[in-house]
Amino acid sequence: MTDTRSIYRRIIRRETHSPRALLAMVLAVALIVVFAWVGSEIVLALLGHSALLVAPRDMITAAARLDSDQNAAVTASGAGIAVVGILLIIAGVTPGRRARHTIELDRSAVIVDNEVIASALARSAAYAGDVDATNSHATVSHRRAVVRVTPASGVPVNRTAVTEAVDDDLAAFGLQPAVRAAVTIDERGRVGV
Amino acid sequence: MTTIVAPMASVRRGRTRITSKALSRVVSAVTADALDVSAARVGVELTDERGDLALVVSTPIRLVSLNRVAADGSIVQRTGGSVLERSAAAQREIRERVEALTGSRIARVIVRLTGAHITREERVR
Chain A
1 MTDTRSIYRR
11 IIRRETHSPR
21 ALLAMVLAVA
31 LIVVFAWVGS
41 EIVLALLGHS
51 ALLVAPRDMI
61 TAAARLDSDQ
71 NAAVTASGAG
81 IAVVGILLII
91 AGVTPGRRAR
101 HTIELDRSAV
111 IVDNEVIASA
121 LARSAAYAGD
131 VDATNSHATV
141 SHRRAVVRVT
151 PASGVPVNRT
161 AVTEAVDDDL
171 AAFGLQPAVR
181 AAVTIDERGR
191 VGV
Chain B
1 MTTIVAPMAS
11 VRRGRTRITS
21 KALSRVVSAV
31 TADALDVSAA
41 RVGVELTDER
51 GDLALVVSTP
61 IRLVSLNRVA
71 ADGSIVQRTG
81 GSVLERSAAA
91 QREIRERVEA
101 LTGSRIARVI
111 VRLTGAHITR
121 EERVR
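So the protein lines, in turn, are chains A and B. Residue numbers 1 to 193, in this note's numbering, belong to the letters of the first sequence in order. Residue numbers 1 to 125, in this note's numbering, belong to the letters of the second sequence in order.
In short, the hints are calculated from the structure, not lab data. Warning: the hint list may mix true and false statements.
Said to hold, decoys possible - One-sided and incomplete, this derived list gives chain B residues near chain A with beta-carbon spacing under 8 Å: (1) Arg13; (2) Ser20; (3) Leu23; (4) Arg25; (5) Val26; (6) Thr47; (7) Asp48; (8) Arg50; (9) Gly51; (10) Leu84; (11) Glu85; (12) Ser104; (13) Arg105; (14) Ile106; (15) Ile110.
On a predicted model such as this, the values are computed, not experimentally measured, just so you know. Yeah, the Cβ is synthetic: ideal placement off N, Cα and C, and Gly gets one too.
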């Protein structure tokens, strides 16, 4: 019997984090093109042929003189490159989590979108609070669920019941990472709902 | 193979929604009863006040004619008191009966008298 657990772990990791593959591919292709070009220029210069775009010697002298003849175009392109660089660093360092959770099961790898969890919570909150389903909203983030219930005017909502229902749901789901719920009951109600 | 799902400890079958239209009808019927006018003449405004229901009721009131009052001052007391006393009583009655009928908590009731229907005091049959 093969150990499926490590496979599941890998699948879960893949599904809960946004892939950087496209970014890496684009970057790699760009670098390959640049280096291929620089390499060809060097070879052409060594063979004594005329350059494709710029001869390597001219590249280096131009780069060395960059700070002496500043102009708007140089400054602008420098700023642009800096922004791209910062974005790439951010993409590399941040975890890139997707809005998903996993449910712990031995038999299979289960991945749930946060919206699905949110609508489940909203529905059971509506049921527990005895309000119409349209008056119960929930949002789920990585570790927090916020449930908001709007009472019908004149019919107070039992906050404890709602909190209990939501907590029971979350305990039953067994989400990974665990989610804590915060329940708010709107002070203002709506008439006739 | 069948799976038997145990029934939940307390079975709730759903919820009852009382629409604002139904609430308005109840309020106007109760108001019409309290002030002895036609329910069709009663206007009802429902608003929310910190989660409770606030009612603004615009209604005419049935009065005995001034000639009768001039002729016999005690008729005011016999028909339920002054206009203010009667609207205060109507306010209480609307609150109690609407709460009892709809189960909604009521924050306040504002009775706005918009007219008077003058009738003769009828002889007791």
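Structure-based check of each hint:
no.: 1; hint: Arg13; in the structure: 11 Å, violated
no.: 2; hint: Ser20; in the structure: 3 Å, holds
no.: 3; hint: Leu23; in the structure: 6 Å, holds
no.: 4; hint: Arg25; in the structure: 11 Å, violated
no.: 5; hint: Val26; in the structure: 11 Å, violated
no.: 6; hint: Thr47; in the structure: 7 Å, holds
no.: 7; hint: Asp48; in the structure: 4 Å, holds
no.: 8; hint: Arg50; in the structure: 6 Å, holds
no.: 9; hint: Gly51; in the structure: 5 Å, holds
no.: 10; hint: Leu84; in the structure: 27 Å, violated
no.: 11; hint: Glu85; in the structure: 27 Å, violated
no.: 12; hint: Ser104; in the structure: 3 Å, holds
no.: 13; hint: Arg105; in the structure: 5 Å, holds
no.: 14; hint: Ile106; in the structure: 6 Å, holds
no.: 15; hint: Ile110; in the structure: 15 Å, violated
Hint compliance for this structure: hints 1, 4, 5, 10, 11, 15 are not met, and every other hint is.
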